[in-house]
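*Asks:* Residues per chain are reported as follows:
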Amino acid sequence: MSTTVASVTGGTDAPYALSHLDALESEAVHIFREVAGEFERPVILFSGGKDSIVMLHLALKAFAPAPVPFTLLHVDTGHNFPEVLDYRDRTVAEHGLRLHVASVQEYIDAGKLRERPDGTRNPLQTVPLTEKIQAERFDAVFGGGRRDEEKARAKERVFSLRDEFSQWDPRRQRPELWNLYNGRHAPGEHVRVFPLSNWTELDVWQYIAREGIELPEIYFAHEREVFPRAGMWLTAGDWGGPKENERVEKRLVRYRTVGDMSCTGAVDSDATTLDAVIAEIAASRLTERGATRADDKMSEAAMEDRKREGYF
Amino acid sequence: MTSATEPYAEFAERLATTTLLRFATAGSVDDGKSTLVGRLLHDSKSVLTDQLEAVERVSLSRGQDTPDLALLTDGLRAEREQGITIDVAYRYFATPRRRFILADTPGHVQYTRNMVTGASTAELAVVLVDARNGVVEQTRRHAAVAALLRVPHVVLAVNKMDLVAYAEPVFASIAEEFTAYAASLGVPEITAIPISALAGDNVVEPSAHMDWYGGPTVLEHLETVPSSHDLAHCPARFPVQYVIRPQSARHPDYRGYAGQISSGVLRVGDAVTVLPSGRTSTIEGIDALGESVDIAWAPQSVTLRLADDIDVSRGDLIAPSAQLPASTQDVEATVCHVADRPLTVGQRVLLKHTTRTVKAIVKDIPSRLTLDDLSQHPAPGQLVANDIGRVRIRTAEPLALDPYAESRRTGSFLLIDPADGTTLSAGMAGDAFAEGAGAPAAVPTDDEGWDF
Chain X
1 MSTTVASVTG GTDAPYALSH LDALESEAVH IFREVAGEFE RPVILFSGGK
51 DSIVMLHLAL KAFAPAPVPF TLLHVDTGHN FPEVLDYRDR TVAEHGLRLH
101 VASVQEYIDA GKLRERPDGT RNPLQTVPLT EKIQAERFDA VFGGGRRDEE
151 KARAKERVFS LRDEFSQWDP RRQRPELWNL YNGRHAPGEH VRVFPLSNWT
201 ELDVWQYIAR EGIELPEIYF AHEREVFPRA GMWLTAGDWG GPKENERVEK
251 RLVRYRTVGD MSCTGAVDSD ATTLDAVIAE IAASRLTERG ATRADDKMSE
301 AAMEDRKREG YF
Chain A
1 MTSATEPYAE FAERLATTTL LRFATAGSVD DGKSTLVGRL LHDSKSVLTD
51 QLEAVERVSL SRGQDTPDLA LLTDGLRAER EQGITIDVAY RYFATPRRRF
101 ILADTPGHVQ YTRNMVTGAS TAELAVVLVD ARNGVVEQTR RHAAVAALLR
151 VPHVVLAVNK MDLVAYAEPV FASIAEEFTA YAASLGVPEI TAIPISALAG
201 DNVVEPSAHM DWYGGPTVLE HLETVPSSHD LAHCPARFPV QYVIRPQSAR
251 HPDYRGYAGQ ISSGVLRVGD AVTVLPSGRT STIEGIDALG ESVDIAWAPQ
301 SVTLRLADDI DVSRGDLIAP SAQLPASTQD VEATVCHVAD RPLTVGQRVL
351 LKHTTRTVKA IVKDIPSRLT LDDLSQHPAP GQLVANDIGR VRIRTAEPLA
401 LDPYAESRRT GSFLLIDPAD GTTLSAGMAG DAFAEGAGAP AAVPTDDEGW
451 DF
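Protein chains in written order, with our numbering: chain X, 1 to 312; chain A, 1 to 452.
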């Protein structure tokens, strides 16, 4: 927990320069406070993944010594990693937060959603998410999306207006000027807010290291029963893998992202510490999503199409 | 980016001292902007294997035999279908010295608002010209937007030098014409660099074809130009975002004003005034995200505690009592209209300035600016999308407004449609161009001059 004072780079920055992490932190905190000041019912999407963990950490700092004035929302696909759910519940309890859960499994059990032939539940999250937003009348929904993740996300605003169907229309976005965020919306509409827009994967990890933030253990190298599918190592489990022709083996792996088990792949790694993870990412020639997300490979515009429908 | 062999400790130390530079690119449709951006990303090794493979796959499927680097930056379906960039996109790359946020803005005439959007947060703008065409109308437009938005550093990238035999006189005459023009608009710092984005000359690597050029490559310049610390030398401004009052057993009396310092430096003990009420107090404490500090500066997000229990709420501005901004209900400004519906005289709007949103009415639109030649057209009656014009606005409550020339944060505002929240216009208080700027060189001006 420190604010780095006066870093000098190549002798060109005066004493009042901020390190890039301090600049990103300061911007994200500003965004959290804008939402607290302008909205009635904000909520933070919290999956127990590293981006949402960093968001929560920033929110805790933004309002200290007062509690975070937001509730949390998790869209549980029913195929989440148990370690991550455990982390989620511990964190919620530790900070005395309130957690809403929207459950894909409940929608499937009720016949309101149908399992896809490929078994992935990631695209199924959109309906429970948007219905929960409507039911709870959330007017601002924080997401951990970063513009470096994907080319459609590179076009995303920090404050992104969604209509009553939660739809994103990339051609009708409000221009975002200076740091003047326009959060006005009609009843039924809401705004998706992305405080980590300008962060890269490496920034997130560096910040986690600097701030000493605890993460679910699956982010670090561990032995796990996995099987290969579409060029990734998927975790074997009762979510539906492996199929008959897929062979399970025990490998030393870790996760770069955590999402639904059916579409989030592990990477071979021996990085057991934060330092080792950062060194590994800095040297990696693959993006986070390219390495470990099956759903973004479905088509060239898979992310854009899902975002249009209300996905985060 | 580090190599796999670099010791972590050195890597971590270097990263902790890395600074952030936000910059924007502007160029006409065929000036090679996408190629320049693609080359910066590619040659700084910021394009990763899977991204490049995706570009190669799509290029191949379209029958192209070389990867089209523009596909790295055109993210939306409609953009790829039409082969043009529609909207501002943000790109990220890093070198050992700096992290960069690039606002990649489309070059089409009809997307002036996008360049304004990109330039509003930029500390540097790269204006591209084609060496064969030299300074054209579009170049002047880009220079004018950079000047209007007070982007502190402008780089003129004279591209396609390979197509003019890398000839120094071609570069020198374009650089001279542009520099004279931009300087006359008040652009404080202009750096001209001869490049070939396609061949890679002077983008990341120095060119072997232009030994007559002794300056930096584009990337070297981006790495060494001073970044946002300029803000610290302006009078301190602190728009209050949110009042933090835990009212808990541990903090029964804590009352802190949360905000981001928009300019200047604040110290414990400073005598301050709260606007618009005019009440005065002293800074008793500064909490910098969990740590108590004696001094803080822009753009840090902090929480201030004042010595006196006075009424302060969101929308107020805290400033040093000795350096207060003027308070006014009559705003004179230049606006860039960004909405598809027009802005008209008599229209009722909301004006968002820092953390304060007030009712306002457009009293007058005295003139509209043509960016091509900086001529002004009196009394246009309305402004339509992408227009830039002067406005007079009356606000329902006083605003503590600095001239945009003195602070890009406390001199800027949005006009918003109260009916549906649409962002109508981007506003800059005070004179349009930098004070003391003369008539621009090589441009015909009308009787009234251009500095309206």
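A portion of the hints provided could be inaccurate.
To be verified - Short, incomplete list of chain A residues facing chain X, as computed with Cβ under 10 Å: (1) Ala94; (2) Thr179; (3) Ala258; (4) Gln300; (5) Val302; (6) Ser321; (7) Gln323; (8) Gln347.
Calculated directly from the structure, the hints in this document are not laboratory data.
Positions of the beta carbon are idealized from the N, C-alpha and C atoms, including for glycine.
*Asks:* Next step is simple, just say for each hint if it's right about the structure.
*Replies:* Against the structure, the hints:
1. For Ala94 (chain A), the suggested interface contact is upheld, since its CB lies about 7 Å from the closest CB of chain X, less than 10 Å.
2. A hinted interface residue such as Thr179 (chain A) counts as satisfied when its beta carbon comes closer than 10 Å to some beta carbon of chain X; here the least separation is about 22 Å, so the hint is violated.
3. For Ala258 (chain A), the shortest C-beta to C-beta distance to chain X is roughly 5 Å, which falls under 10 Å, so the interface hint holds.
4. With a cut of 10 Å, the hint placing Gln300 (chain A) at the interface with chain X holds, because the nearest CB-to-CB distance is about 5 Å.
5. For Val302 (chain A), the interface hint holds, since its Cβ comes within 10 Å of a Cβ in chain X; the closest pair sits about 9 Å apart.
6. Nearest Cβ of chain X to the Cβ of Ser321 (chain A): about 22 Å, over the 10 Å cut. The hint is violated.
7. Interface restraint check: Gln323 (chain A) against chain X, minimum CB-CB distance 17 Å, threshold 10 Å, status violated.
8. Violation of the interface hint for Gln347 (chain A) is found here, the shortest Cβ-Cβ separation to chain X being roughly 16 Å, above the 10 Å cut-off.
Consistency with the previously given hints fails for numbers 2, 6, 7 and 8, ordered from lowest to highest.
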